[in-house]
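Number of protein chains: 2
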Amino acid sequence: MSRKVDVESTVRAAREGSVRAVARLLTSVENHSEQLPDIMAAVAAAHQAAGGRAAEVVGITGSPGVGKSTTTNALVQAWRKEGKRVAVLAVDPSSPFSGGAILGDRVRMQDHALDEGVYIRSMSSRGHLGGLTATTPQAVRLLEGMDFDVIVVETVGVGQAEVEIADLADTTLVLLAPGMGDGIQAVKAGILEIADLFVVNKSDRDGAAATVRDLRAMMALVRREPGQWRQPIVQTVAHEGTGIDEVIAEAAKHHQWLAQEDKLRVRRRERARSEITALVGAQLRRRYTVDDATAEAVAQGELDPYAAAEAILGRQY
Amino acid sequence: MSRKVDVESTVRAAREGSVRAVARLLTSVENHSEQLPDIMAAVAAAHQAAGGRAAEVVGITGSPGVGKSTTTNALVQAWRKEGKRVAVLAVDPSSPFSGGAILGDRVRMQDHALDEGVYIRSMSSRGHLGGLTATTPQAVRLLEGMDFDVIVVETVGVGQAEVEIADLADTTLVLLAPGMGDGIQAVKAGILEIADLFVVNKSDRDGAAATVRDLRAMMALVRREPGQWRQPIVQTVAHEGTGIDEVIAEAAKHHQWLAQEDKLRVRRRERARSEITALVGAQLRRRYTVDDATAEAVAQGELDPYAAAEAILGRQY
Chain G
0 MSRKVDVEST VRAAREGSVR AVARLLTSVE NHSEQLPDIM AAVAAAHQAA
50 GGRAAEVVGI TGSPGVGKST TTNALVQAWR KEGKRVAVLA VDPSSPFSGG
100 AILGDRVRMQ DHALDEGVYI RSMSSRGHLG GLTATTPQAV RLLEGMDFDV
150 IVVETVGVGQ AEVEIADLAD TTLVLLAPGM GDGIQAVKAG ILEIADLFVV
200 NKSDRDGAAA TVRDLRAMMA LVRREPGQWR QPIVQTVAHE GTGIDEVIAE
250 AAKHHQWLAQ EDKLRVRRRE RARSEITALV GAQLRRRYTV DDATAEAVAQ
300 GELDPYAAAE AILGRQY
Chain E
0 MSRKVDVEST VRAAREGSVR AVARLLTSVE NHSEQLPDIM AAVAAAHQAA
50 GGRAAEVVGI TGSPGVGKST TTNALVQAWR KEGKRVAVLA VDPSSPFSGG
100 AILGDRVRMQ DHALDEGVYI RSMSSRGHLG GLTATTPQAV RLLEGMDFDV
150 IVVETVGVGQ AEVEIADLAD TTLVLLAPGM GDGIQAVKAG ILEIADLFVV
200 NKSDRDGAAA TVRDLRAMMA LVRREPGQWR QPIVQTVAHE GTGIDEVIAE
250 AAKHHQWLAQ EDKLRVRRRE RARSEITALV GAQLRRRYTV DDATAEAVAQ
300 GELDPYAAAE AILGRQY
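The listed protein sequences derive, respectively, from chains G and E.
To convert, note that position 109 of the first sequence is 108 in numbering that gives the first Met the number 0; the numbers rise steadily by one, no gaps.
To convert, note that position 167 of the second sequence is 166 in numbering that gives the first Met the number 0; the numbers rise steadily by one, no gaps.
Every clue listed holds true.
The list treats identical chains as one, so a pair stands whether inside a single copy or across any two.
25 Å max Cα-Cα, derived SDA-like pairs, lysine to any residue:
(1) K262 with A292
(2) K83 with Q299
(3) K252 with E192
(4) K80 with P231
(5) K83 with R52
(6) K80 with V18
No wet-lab data here; the hints were simulated from the structure.
Since we're looking at a predicted model, the values are computed, not measured.
Construct the entire structure; sequences and hints are all you get.
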């Protein structure tokens with residue numbers, strides 16, 4: 000598991016385009032390797048020395064079945080045509096049983112397997128304290144340090160993972176498909192807050208127009224400050240490439256808007272802040288552990304949890 | 000927002016069945032009131048003095064559209080027939096725009112509005128550090144302190160919230176419905192690990208048999224230790240009450256199994272541990288904040304995140 004990495008040479012090889020070297024560094028992130036501080040320092044130094052170019056970070060999220068993988072694939076192809084180097088992190092709240100979305104990824108990688116400008120990696124968020132928060136920002140930072148132009152972070156689902164992706168990305172695409180749920184459910188999932196761009200995929204199916212109409216109706220209910228970004232709705236049929244160029248164009252518009260409004264700097268500062276916070280938190284969790292006796296006392300109702308927390312915080316380390 | 004609560008009299012009134020008093024205490028949990036330590040201490044003391052009876056905590060989760068609310072409603076009615084007092088916490092990763100699943104809950108509450116043995120509360124998990132983890136265990140502990148027999152925690156979604164509910168509940172029901180996604184997606188969502196009981200709702204619809212078959216096929220792939228719980232699959236049509244008694248019976252069986260195997264004690268200890276850990280973590284996050292200058296330096300690539308974290312941890316408090 001924790002084979003030692005020769006930090007300097009691996010970082011150099013990764014920056015020169017070695018897929019294997021990139022993979023080894025990302026594995027270090029995933030395993031919370033002890034070498035990570037050294038790796039991140041070396042990556043930051045090398046990237047900074049080479050000009051420190053920022054990548055465009057694009058989040059893609061949506062319920063299972065809306066066609067996230069197909070859409071990501073089509074977007075990657077379009078970015079490649081523009082000559083951009085693209086990395087995809089597929090973050091999956093996956094099962095230890097299944098070992099991640101292996102099946103899906105194997106299929107997907109074939110399109111790009113011979114293309115050196117594309118790197119695709121499936122990361123598991125399970126089993127680590129903090130889920131997405133703990134590893135994905137580090138992985139993004141690492142890939143940015145490899146001078147990728149676009150970094151796509153793709154995740155499934157509703158709820159926490161989606162919110163975390165929106166915090167991480169410059170531009171978040173929320174994918175929908177006809178017949179996947181009604182308006183109320185969409186609002187429940189809080190997608191209006193996290194979406195910078197709505198993609199209604201499978202728009203050749205019945206109900207696509209209704210989905211767009213529902214989205215418009217929801218958006219009309221939200222009060223918008225002057226100058227606020229108005230989320231465009233793009234219809235796609237990803238498996239045949241329809242609408243993909245429009246998605247790319249709207250995402251680029253959003254990125255320009257962020258840059259103009261100085262929001263990009265703020266987003267990146269806040270992203271760095273939550274990244275540091277996660278590292279600080281992980282360290283503190285190792286320091287302040289709850290012993291069995293205290294947990295048992297609270298479980299039995301002999302001690303209330305606040306009193307227990309205070310006792311643990313009061314210990315000297 | 001933070002009107003002061005007379006702790007002793009409110010806890011007494013809540014334990015005597017005042018819905019308004021219970022609501023005020025839960026609001027204190029939701030708002031992370033400064034009085035919470037006092038409230039939790041008072042609840043623990045009163046509950047302990049009255050015998051400290053443990054509640055059965057049942058988690059209900061599933062994707063939007065599978066019929067969680069309808070199923071919860073039907074289960075509540077069945078438990079009420081057994082003379083049990085039931086509390087329902089509907090935890091919703093809801094939007095600040097929508098203010099939670101108000102609409103859904105209004106509709107649902109009507110069935111039980113005149114029934115003193117049922118308490119239903121919608122809680123928002125958004126906007127608080129730690130999401131579900133931070134508030135729901137406290138809310139469950141509080142309701143247990145009110146001597147409810149069954150506490151249902153209902154949440155939407157895939158991913159983190161689901162896992163957290165499984166950690167919190169004694170018994171977790173995972174709801175599915177025909178045509179909501181194929182086998183691979185179900186594995187992706189990791190439901191095999193968190194489910195103690197599968198409920199295939201809307202079983203009067205086409206595809207119900209296929210959903211059951213897919214579940215069985217997935218379960219067959221998992222190696223099971225001798226004596227391990229084998230998740231039953233129950234088919235329901237919740238809106239007409241079909242299959243609900245079987246769900247209740249299987250949930251009770253699971254609870255007995257937990258108690259026999261001494262797993263209930265362990266689950267409750269671990270639940271207490273994560274509750275204390277969350278409180279400790281919240282306190283530590285207030286102590287160790289990341290200043291703008293440090294976040295900015297990391298965002299600009301001038302400082303790597305590990306070095307930043309170390310600097311913050313090295314400060315004296």
